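Could you build the full structure based on these sequences and the hints that come with them?
These protein sequence lines are chains A and B, in that order.
Our numbering applies: residue 1 is where the first sequence begins, and numbers increase by one.
Our numbering applies: residue 1 is where the second sequence begins, and numbers increase by one.
Don't take every hint at face value.
Unchecked claim - Which residues of chain A face chain B? A partial, calculated answer using Cβ under 8 Å:
1) I32
2) Q35
3) R36
4) F64
Unchecked claim - Computed list of chain B residues with no C-beta within reach of chain A, every gap over 10 Å:
5) Q92
6) Q115
7) N119
8) R184
9) P193
10) V206
11) A221
12) L232
13) E233
14) A235
15) S242
What the hints assert, rightly or not - Taking lysine to any residue pairs in the SDA-like style, the calculated list, with each CA pair at most 20 Å apart, reads:
16) B:K270 <-> B:C182
17) A:K13 <-> B:F40
18) A:K13 <-> B:K35
19) B:K186 <-> B:N271
20) B:K42 <-> A:A41
21) B:K156 <-> B:L283
22) B:K49 <-> A:E65
23) B:K274 <-> B:I202
24) B:K42 <-> A:F28
25) B:K268 <-> B:M185
26) A:K47 <-> B:D46
27) B:K79 <-> B:F55
28) A:K47 <-> B:D37
29) A:K47 <-> B:N47
To be clear, the hints were calculated from the coordinates, so they are not data collected in a lab.
Keep in mind it's a predicted model, so treat the numbers as computed, not measured.
Just so it is clear, CB atoms sit at the ideal spot from N, CA and C, and this is done for glycine as well.
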Amino acid sequence: MWQPIGSSAQNSKYFLYADSLFSNQNYFEASIEYQRCVFYANTVNEKALATICYANCNMHLNQFENANSILKTFLYANVPDSIAIEARIMHTTAAYLAKDFEQGLSQFIQLEFLKTDSKKVNENRHLKVLILNELKRYSEAEIELKKWISSIEINNSEKDSTLK
Amino acid sequence: MLTKCSNSILLGFFIFITILSSSIFAQSQNPTDKKPDILFVKYLIDNEKYADAFFEMKNTSAQFQNDTILYLKGLCFYKQNNADSALFYWQQLQQKTELNKSALLHSCLLYLNKQDLINAKKSLNKYNLLSLSENEILLRQLFEVGFCLAQRELAKADSLISNFMYDNYNISDEQNELKMLCNRMKENNFKSPLLAATLSTIFPGVGKFYTGKNGGGFGAAIVCTLLGTVALESALKVGILSVPFFLSAGLFSAFYIGNIVGSYYSAKQKNNEKYRENYNYILRTLVVATDRQFSSK
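Right, here's the structure in full:
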């Protein structure tokens, strides 16, 4: 599961407190503190980070619909690519777990269009495979699966056995 | 000896600094310890995160559990349609505060939603005792009209509506809506259950036509006419002391009486539906006006 990145980027006392709650697995309390961070955020980056962390808490609380709806409100304008990629990946995961497959697929396709971090995209291609599988688009899922297997770092014999 | 002593002093100093810094860090660990963050709580309520808002308020120190917190706690439950919990917190509010005005009107709405007109009226009477601004007085008048309409006191409602000026943009829409509802209530008279039953006694099915249930009326008329014809035919052909007559006449009587009773209850049901529709309209109008009045506070 994705780790909190607030503490590395922010010195805000709210972020520190929220991260400490998250580290101690107090996800509900942490989610409230991250909402406070969203509320008091001064910059777009702060707000984006806090929103991702807040959605992440909801993921840990198994509230995938909530996480999905939180990330639907995420504003991608003026957000650095690194944060946008994290948000898209998390949104894809949340949408898949919330059974909102169309949304998940849409997010992953948008992630592919960013093309700034192809490694990250390939690492998470299995999400697209799972979503296409759920949408019963098996031929596309197979192509994506092959792409994913060829991109991951395992030896050829393992790749062949997985493909079979 | 001197080096040992200075080392121990240095060690003691480091321990002191460590304890001091950890205590400072512990204080900064929970920034919500000091006082409730009302702005943040309002933000959570606006975003429909009621459980989060309540948790945030619950975690504040006991010394800060003031009227604002009590009001907001009640508001969290009010927004979730949990009337009992909302009223529990709002009844603890001190009298003659601005928040109490909002709480009393919202309590009134909660009671109206439960169709408890007596307690709703009590809340409104308490609100009347407070010193009210011009807008709040207009809101009170709107509630009074709403009460009259809910109790079908149309003449009284009409006289109260005649005092409306419609010059305050804050409430003029709702004043117009209640005026139109009053006019509609005057026009569409409620169906009389006794008249429906009488009409069905004269001719089966007519009572149902009167209540607007044309299909039911048509069906009842056909069934009763057929059964009546069969009973009459049996009486004429076989005689009134025969089994076929008893069977057909029995069936006819059952349908005939059933239709009369059915017409009576159809009219009652129709009235209840119309009453519920009007009641919901009144409630919605009052909720909109109240929320608009107190949302900025």
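Check: Which hints from the list above does the structure break, by number from lowest to highest?
Finding: 4 and 23
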